[in-house]
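Input sequences plus hints: build the corresponding full structure.
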Amino acid sequence: MVYPIAFLSFFLCLALTPAVRYIAAQRGWMACPVKDRWHKKPTALMGGIAIYLSTAIPLFFVADFSGLLSCITGITGEEQPLPDAVIWIGMTLLFVLGLVDDVIRLRPQTKLVGQILVASMAAFLGFRLHWFTSLTLDTVVTIVWIVGLTNAFNLIDNMDGLCTGVALIAALYFSLLLPGSGGGMAALFLAGALAGFLVYNFNPASIFMGDCGSLMIGFALAMMGLHYSETAQCTMLATIAVPVMVLMVPILDTTLVTLIRLLSGRKASVGGKDHTSHRLVLMGFSERGAALFLYFVGSISGVAALFVDATDSLTSPAAIIPLAIAILLMGIYMAQIRVYPEKEFSLLRNRAYTPILIELTYRRQLTMVVLDFCLIAFSYYLSYRLRFNSADFAYYFQVFLHSLPAIIACKLIAFFILGIYRGIWRYMSSNDVFIYLRASAMATLFSVVAVTYIYRFRDFSKGIFVIDWLLTTGLLLGTRGSFRISLDAMNRKSLSGEKVLIYGAGRGGEILLREILNNRRHAIQPVGFIDDDTLKTGRKLQGYPILGTFRDVDRLLNEYHFKGMLISFNGSVPNNLDGAMRFCDSRRLFLKRFSICLEPVETEGVNNR
Numbered sequence: 001m002v003y004p005i006a007f008l009s010f011f012l013c014l015a016l017t018p019a020v021r022y023i024a025a026q027r028g029w030m031a032c033p034v035k036d037r038w039h040k041k042p043t044a045l046m047g048g049i050a051i052y053l054s055t056a057i058p059l060f061f062v063a064d065f066s067g068l069l070s071c072i073t074g075i076t077g078e079e080q081p082l083p084d085a086v087i088w089i090g091m092t093l094l095f096v097l098g099l100v101d102d103v104i105r106l107r108p109q110t111k112l113v114g115q116i117l118v119a120s121m122a123a124f125l126g127f128r129l130h131w132f133t134s135l136t137l138d139t140v141v142t143i144v145w146i147v148g149l150t151n152a153f154n155l156i157d158n159m160d161g162l163c164t165g166v167a168l169i170a171a172l173y174f175s176l177l178l179p180g181s182g183g184g185m186a187a188l189f190l191a192g193a194l195a196g197f198l199v200y201n202f203n204p205a206s207i208f209m210g211d212c213g214s215l216m217i218g219f220a221l222a223m224m225g226l227h228y229s230e231t232a233q234c235t236m237l238a239t240i241a242v243p244v245m246v247l248m249v250p251i252l253d254t255t256l257v258t259l260i261r262l263l264s265g266r267k268a269s270v271g272g273k274d275h276t277s278h279r280l281v282l283m284g285f286s287e288r289g290a291a292l293f294l295y296f297v298g299s300i301s302g303v304a305a306l307f308v309d310a311t312d313s314l315t316s317p318a319a320i321i322p323l324a325i326a327i328l329l330m331g332i333y334m335a336q337i338r339v340y341p342e343k344e345f346s347l348l349r350n351r352a353y354t355p356i357l358i359e360l361t362y363r364r365q366l367t368m369v370v371l372d373f374c375l376i377a378f379s380y381y382l383s384y385r386l387r388f389n390s391a392d393f394a395y396y397f398q399v400f401l402h403s404l405p406a407i408i409a410c411k412l413i414a415f416f417i418l419g420i421y422r423g424i425w426r427y428m429s430s431n432d433v434f435i436y437l438r439a440s441a442m443a444t445l446f447s448v449v450a451v452t453y454i455y456r457f458r459d460f461s462k463g464i465f466v467i468d469w470l471l472t473t474g475l476l477l478g479t480r481g482s483f484r485i486s487l488d489a490m491n492r493k494s495l496s497g498e499k500v501l502i503y504g505a506g507r508g509g510e511i512l513l514r515e516i517l518n519n520r521r522h523a524i525q526p527v528g529f530i531d532d533d534t535l536k537t538g539r540k541l542q543g544y545p546i547l548g549t550f551r552d553v554d555r556l557l558n559e560y561h562f563k564g565m566l567i568s569f570n571g572s573v574p575n576n577l578d579g580a581m582r583f584c585d586s587r588r589l590f591l592k593r594f595s596i597c598l599e600p601v602e603t604e605g606v607n608n609r
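The opening residue of the sequence shown carries number 1 in this note's numbering; numbering runs sequentially from there.
Bear in mind the hints are in silico, worked out from the structure with no lab data behind them. Any given hint might turn out to be false.
[Claimed, not checked] With a Cα cut of at most 30 Å, we get these calculated DSS-like pairs of lysine-lysine: (1) Lys41 x Lys499; (2) Lys563 x Lys540; (3) Lys493 x Lys41; (4) Lys536 x Lys563; (5) Lys592 x Lys540; (6) Lys499 x Lys563; (7) Lys493 x Lys540; (8) Lys499 x Lys273; (9) Lys273 x Lys41; (10) Lys493 x Lys563; (11) Lys499 x Lys536; (12) Lys592 x Lys563; (13) Lys499 x Lys540; (14) Lys493 x Lys592; (15) Lys536 x Lys592; (16) Lys592 x Lys499; (17) Lys493 x Lys536; (18) Lys493 x Lys273.
[Stated by the list, open to error] Computed spacing ranges between beta-carbons, pair by pair: (19) Ser313 x Val140: 22 to 28 Å; (20) Lys493 x Phe397: 43 to 49 Å; (21) Asp488 x Leu328: 16 to 22 Å; (22) Ser206 x Ser496: 25 to 31 Å; (23) Ala25 x Leu176: 34 to 40 Å; (24) Asp138 x Asp488: 43 to 49 Å; (25) Arg27 x Lys493: 38 to 44 Å; (26) Arg521 x Val433: 27 to 33 Å; (27) Ile413 x Arg521: 40 to 46 Å; (28) Ala25 x Thr255: 33 to 39 Å.
Here a beta-carbon is modelled for each residue, glycine too, at the ideal position from N, C-alpha and C.
Rendered as structure tokens:
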């Protein structure tokens, strides 16, 4: 009975959304472009009406409301009503709150009070996260969880299809994690409605959901996370990790935006183009590409949640820790992208802040130390997991726990001595790679010496340290290299300006290309290279194609419509310099030559030769 009704919610939203869009256009319920928003044309609002009706109507007929009155009055011994009834009531109240806000624009504090009241209602009815033994602390954190996620989905409703798609993915995963339960039914209905709405909301969107949609979606998914924490027959680690992983995208976006705004002296409640999706666009993604990338992040995180749900506490870190490291790296990289006209982290320049805080947030070296701490622990854990089968791992896990502090200390000391924290990882070179290789090898040797001295190598395996060295080396190079790769990819994707053809695909051409990629003031965009050496034709230099020789320049102009040529011969001239000058002059193209030279600075009393 449940699945046909779930499909009914999809078709219901598919039919209701055009009707809502028509009414919104007639009544002037339109979102007009403004400075701190992303859309560029007037778009219909109130799409949340279609989502709400498509979810609430089928859920109303299958939800069990019988336990509500007895729970409130305390007539029976039931601790709490079924979750589907509470989800229906809470999403209805927040739908009304969001609808009023869409029509008359409530103050932020007024909306927050309403959200807290609804979250308090859920806690009063007995729903809690069960993350803490203290009931007081657990109740407070539960209310924060509901209110935080309600606002998180409201915040990620900043780009066509983003909130809808991310919520759809989360709802589908909750339907798999809560099969046959009230929360699972609500997840199916919500997923069906969101899938129908996404047809109209994906880029280019013809209708937005508005606050009446995002607030009730956030509440419903927060309650599904609560329901999982209460009913899942799994470890305490999974009880905490699974809901967080399923809802990773809105949690990441809200945390990142809030922290950066506060550190930049901006109000966290004021909107802006500084969300994760906006930063992805600044990296060179299209609007669709940014939404699809975050869909991918949510999907991978959900797969990890399913794995953790199905495994024991000894195995689940193999999924939790890599995901946490990947999200941390993503957050660090996103935080570096310049969004505001003033410098980010401007508050950190206040003298009231300690040098350690400045080092942590601005130079980021302490962040890398924390990251390496996690990498060391994870690689050592995974070495045991790979070396021993499930039957033996329970015994050797105690060996792992006892020796872990010594391993962490030895490796961090080796990393510090060999200087891996002195380099600038965004400009990682081959010399840095050798430093990391030496540091990883030295760290492993230190670890072997330490466990031999402390534990006489009893119950240890040589294979553990071989696997650990391979994993540590790979993680060191991978995390550092990811920043270099991401920076290079962002530079290439976000290049803008006049198209140019580079003449010369040698060392000078490589240096010129790096200058173009790293210096936006040039405002030029290379389409490729030409070179006098015919053997280079068809190859690539730093990812850009070598399109031919000078004889092909006419054809290339018709194909790529470049506005000028750059001569990149460092210390020499091309064979066809005169021909290049005549060609550019006849086609009214600019011609510039790239060179590097050291010029003396005339300083009184100093010999600069």
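Practice prompt. If any of the earlier hints don't hold here, list their numbers in rising order.
Written response: Violated: none.
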